[in-house]
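J.: Starting from the structure of chain B, add chains F, V and C where the hints point.
There are 4 protein chains.
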Amino acid sequence: MHMSIKIGIVGATGYTGVELLRLLAQHPEAEIITVTSRSTAGTTLSDYFPSLRGIYDHLIFQHPDQADLSKCDLVFFATPNGVAMHEAPLLLTQGIKVIDLSADYRIKDVAVWQKWYPFTHASPEWITKAVYGLAELNRTAITQAQLVANPGCYPTCVSLPLLPLLQQQCLIHDMPLIADCKSGVSGAGRKANTGNLFAECSDNFKAYGISGHRHLPEIRQTLNLLQPSSGNSLVFVPHLTPLIRGMHATIYIQVKEGCNPYQLIADYYQSSPFVDVMPAGSAPETRSVRGANLCRISIQPAPQNNTWIILSVIDNLVKGAAGQAVQNMNIMFGFDEKSGLNLIPLLP
Amino acid sequence: MHMSIKIGIVGATGYTGVELLRLLAQHPEAEIITVTSRSTAGTTLSDYFPSLRGIYDHLIFQHPDQADLSKCDLVFFATPNGVAMHEAPLLLTQGIKVIDLSADYRIKDVAVWQKWYPFTHASPEWITKAVYGLAELNRTAITQAQLVANPGCYPTCVSLPLLPLLQQQCLIHDMPLIADCKSGVSGAGRKANTGNLFAECSDNFKAYGISGHRHLPEIRQTLNLLQPSSGNSLVFVPHLTPLIRGMHATIYIQVKEGCNPYQLIADYYQSSPFVDVMPAGSAPETRSVRGANLCRISIQPAPQNNTWIILSVIDNLVKGAAGQAVQNMNIMFGFDEKSGLNLIPLLP
Amino acid sequence: MHMSIKIGIVGATGYTGVELLRLLAQHPEAEIITVTSRSTAGTTLSDYFPSLRGIYDHLIFQHPDQADLSKCDLVFFATPNGVAMHEAPLLLTQGIKVIDLSADYRIKDVAVWQKWYPFTHASPEWITKAVYGLAELNRTAITQAQLVANPGCYPTCVSLPLLPLLQQQCLIHDMPLIADCKSGVSGAGRKANTGNLFAECSDNFKAYGISGHRHLPEIRQTLNLLQPSSGNSLVFVPHLTPLIRGMHATIYIQVKEGCNPYQLIADYYQSSPFVDVMPAGSAPETRSVRGANLCRISIQPAPQNNTWIILSVIDNLVKGAAGQAVQNMNIMFGFDEKSGLNLIPLLP
Amino acid sequence: MHMSIKIGIVGATGYTGVELLRLLAQHPEAEIITVTSRSTAGTTLSDYFPSLRGIYDHLIFQHPDQADLSKCDLVFFATPNGVAMHEAPLLLTQGIKVIDLSADYRIKDVAVWQKWYPFTHASPEWITKAVYGLAELNRTAITQAQLVANPGCYPTCVSLPLLPLLQQQCLIHDMPLIADCKSGVSGAGRKANTGNLFAECSDNFKAYGISGHRHLPEIRQTLNLLQPSSGNSLVFVPHLTPLIRGMHATIYIQVKEGCNPYQLIADYYQSSPFVDVMPAGSAPETRSVRGANLCRISIQPAPQNNTWIILSVIDNLVKGAAGQAVQNMNIMFGFDEKSGLNLIPLLP
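Protein chains in written order, with our numbering: chain B, 269 to 616; chain F, 269 to 616; chain V, 269 to 616; chain C, 269 to 616.
Simulated from the structure, these hints should not be mistaken for lab results. Careful, some of the hints might be misleading.
In this list, chains with the same sequence are indistinguishable; a pair is considered to hold if it fits within one copy or across any two.
As the list claims (entries may be wrong) - Each computed DSBU-like pair below joins lysine-lysine, with the alpha-carbon atoms no more than 35 Å apart:
no. : residue 1 : residue 2
1   : K524      : K459
2   : K376      : K459
3   : K274      : K524
4   : K339      : K397
5   : K397      : K459
6   : K524      : K339
7   : K606      : K339
8   : K274      : K606
9   : K383      : K524
10  : K397      : K606
11  : K274      : K459
Here chain B stands alone, though its shape is the one from the complex:
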């Protein structure tokens, strides 16, 4: 007998939404029964996303106020920040599982969350119950989770290579931990915004959010959890680069005598399906993970200096969003963790 779960997607018109639709179409145990959208209610999915013609011809966007999600086993929120915190609790109390791709349940300290996001949190009681969906860190807890807070793209790209080092308390206290990150433009979502126009972003490179990006407290939370106070040393500078998809973190760390970052990271991810530690001397390209649920990592010492350089790449829409969400779904429902995620990067 083939088991499949019934799925709803709230807010399926953005980039994480359409990416969920792409991934779940290839998933043997998933059946999407409801997609909602306030702006496109009544539109056939395949008219809105011609790339999905022939795949989802039966689905029509429903208005969120009219959609019945109660038949779902699982609902993904692919909504802007501040929506899931209002709408998820009702589903959760009905026993429906929820994976929230927004930031609503990522930060455990509600005061910190409220400092970075312009809302009073509507359901703080669910923050503690939420499991932070970085599977490579929390796989066991995710198995039992009813609500998963899917990590942000920068936190995924930066945290994955650091997990093994933090767990061994390898970072030297009080030395700067620098994460110089570069993101493709789809990371900013599909909202009309002058700054993300083609004629603004193409052939242009810039830093942004230096005085404080919302992913900073999220990364810091993971760091401090694993190696106390290490998060306080974090310097995080995001940059916008003219890619559609792709994220590259260049991380500079100082490690204690006796720690071999390459060995620790390679060991930690030896049998991981989605984290690839590359040979010494290599440099991962963002296109080598394009469209796939992968994080590729290179680690090497700086020449003539005691700094180590870590390079980490993901597709911000896959391992940085929708792919990681499907990975979490697989873990939550006891499917093969790779189910629906046997994606081969598109190169060139």
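T.: Quick look at chains F, V and C alone, frame taken from chain B:
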């Protein structure tokens, strides 16, 4: 029992080669046993293409002079023009099937071929035996073929929407048939070439090959075959546009009284798995087929004029090359034509 | 004695506005005294456009309701359609000259204009007085103009190569005249719009506006003016290509026996400062005019067909907008037509 | 009387060559009399670079073995590394001035140079006489120089913001000095190279040269010269980003108590024509210097950390190559330092 065929790829370091590798990795009935390359012999496949790490870790490029292809059921030639005509015949006489992605066996008239390609053809006896691998035209013949000449990208993009009209002799004699085509840069292959450098092609648009592009006689051959002398009216202007992948043909035709191009094309492709006729008034985007073995077509009359405008898009590396080759393989070996080709376009 | 004129720019925050600012900064006879903008009133110009730091540090955007334009000799409207028709007349009656970069005064037949633009025209009496600012056609009239309607980008790119042929009545009556045009994304302006986001336009190519683009009646008007009814044969298909700047028209025409398009066009533009007829067999690239007030044209017969192919490229923001406006200013005020326009294309 | 100098350019077919041609065309005191190129000898300059049609129609590429450079007052070498060291000495002994845009005379320690470049230096006696052409550091020496070694692009982008800090010995000894740099693809030159193809670089981001880039010893030399041993702390990681032009350095430094980097840098460049220190809190975009001889810098403390973050952008072909060379020419010949360099960035 699961049947699978043994496959060799000659010249697997270019873009059509790596795309074949991507597609065949997901194909349930295909097993690649040999890949050859003159320039990278001895290199592990996944070192050369990091996007394939974890997929083909056992494969090593073999030197073409040392590779044993005799155990293959099928050999793909993903080589520059002029290679297959020398190397394919030996395999063919051994009973091995061959799909040639180069132009060596596409043109039936060897004199015409030799006018456009700078070679004396080395195996003209195989030209007549070769089947032109446009499945939507030659499906039955491909079933029996031992040698398939896989069509060029421009000919695929231009011919597919015209097939139904030509078969009905719809085009008005002697009126210009204009194919204004735009190709992404990967169509030029992976050879180092100043004109294809990023700093030359990015933020730039130009026509090229107006005085005569090699795909002109190939398109003309198909046209003349179906509606005599229609190919002589063809005006074909290719352009280079800053896409990695993607091809867009804008075709202007004059049709005889009583012909309804939209209806004819829609009927012809009603149950075609890989040709999608879009609703009237739409305009297909190249990204709506990115990475997938699809041709999407829109057809509409020009406002206030008796010209019809046909828009046709493909991914030049998939339906325009490697995907079409796998489709031909499926037909030749009696597999489901869609096997391994359930690819969903990557958008954005 | 050095004469200079005082200039105001209404709506200087878009792409044509910032391009005017770039060009006029290098103009020896122009002094910008006022820039207005509803959305950025109070902001220093160089804070808004850091590319202009050090050039216009004294200028502050003024609210249009508070700006005093009465001291200007010339006001440019770089506003959306529908603004100049309300605000220009007051200035004109004060004796101030106006160059309108929007479409408000381009179409002579107000009924046609109102069919294509969603407004009732507010100052139809000025339409007849306006001179259509295609200098290569109307240079003498522009000398005397008080109000110049600066042409659209597509009309400029398509009309320039056709002018000499139309004047000689060269086009065959009733044969299709096809203008297959490709535009960079800046042509759509700087308005926040989902369709113009980087992640939508990059690595993508599509046609749009096939059922009717607003530049169609403008091109048709020029055609019909010069060769009666020739505009009715026009088939105009615009496409969006991932360029910041640049426009390429591929024009297919049928000419009467005895007409030599190459010779006619070359003769017409022999001493033109801004139209460059390239050698036979060449193909102009958009980057060869990037940033410069140039139109480069190639003309050649289609091989084995009586169609002629004309290729025409401009920078849509320069010869297609701000550069042409400065050229018109030079003619209106009796300056050297090239003044401030000695721009060398930026390549690469 | 108008004085102008006679100029030769050796190797004028690459990107620095064509950029020199663009800049010198607008220079009131410069007359180019000879351009040489081994590969294109006999070709008219404007046939080779259509962007220069109408500008240099009289110039024809001469073969370097036949060109007479003896009438030049100044010769630019825009050649690959290893050419100027052979050919410049003969010109220098004739009293001709030379600006070398390659790396041949940049490194004072010939043993270090030979370690990073695969040559035995052919004219080490000229290394000591050469002046390193970073005008903002060596303006006085350049006034007297006969031979100027024009700096590399990365060294320019990284060194300019650091000069004021190094001169005040502000960097904390032994703390890592991290320069995370991102370059557009034109920085790799115009040589045909698979890695720089459009289909390889577009929509892709990667680090490269981590184990050692040739610009590392050049940056280190400047650092050590100004603050002894500071260069040893340098960690330099270059990245390739899909820009045609543009370079962005993100520099992370630790400064001694009492040093205010913002103030020091702002003071140092207060009246500098080509270095723009931006307001606190800003982030310079590469496009804000596109086509102009500018370096824009932002400086700010990392939030909650004692690290300072410096952002520095240049156009790698202008302030990073040809523009800086013209600036050096102006200083060497006593022209206004800004002559020919009043370039306004092209935005968008």
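J.: Evaluate each hint against the coordinates.
T.: To see whether the hints hold, each was checked on the structure:
{"no.": "1", "hint": "K524 x K459", "result": "neither (44 Å within a copy, 44 Å between copies)"}
{"no.": "2", "hint": "K376 x K459", "result": "within (27 Å within a copy, 38 Å between copies)"}
{"no.": "3", "hint": "K274 x K524", "result": "neither (49 Å within a copy, 51 Å between copies)"}
{"no.": "4", "hint": "K339 x K397", "result": "within (23 Å within a copy, 58 Å between copies)"}
{"no.": "5", "hint": "K397 x K459", "result": "within (30 Å within a copy, 42 Å between copies)"}
{"no.": "6", "hint": "K524 x K339", "result": "neither (53 Å within a copy, 54 Å between copies)"}
{"no.": "7", "hint": "K606 x K339", "result": "both (25 Å within a copy, 33 Å between copies)"}
{"no.": "8", "hint": "K274 x K606", "result": "both (19 Å within a copy, 26 Å between copies)"}
{"no.": "9", "hint": "K383 x K524", "result": "both (33 Å within a copy, 32 Å between copies)"}
{"no.": "10", "hint": "K397 x K606", "result": "within (25 Å within a copy, 44 Å between copies)"}
{"no.": "11", "hint": "K274 x K459", "result": "within (28 Å within a copy, 40 Å between copies)"}
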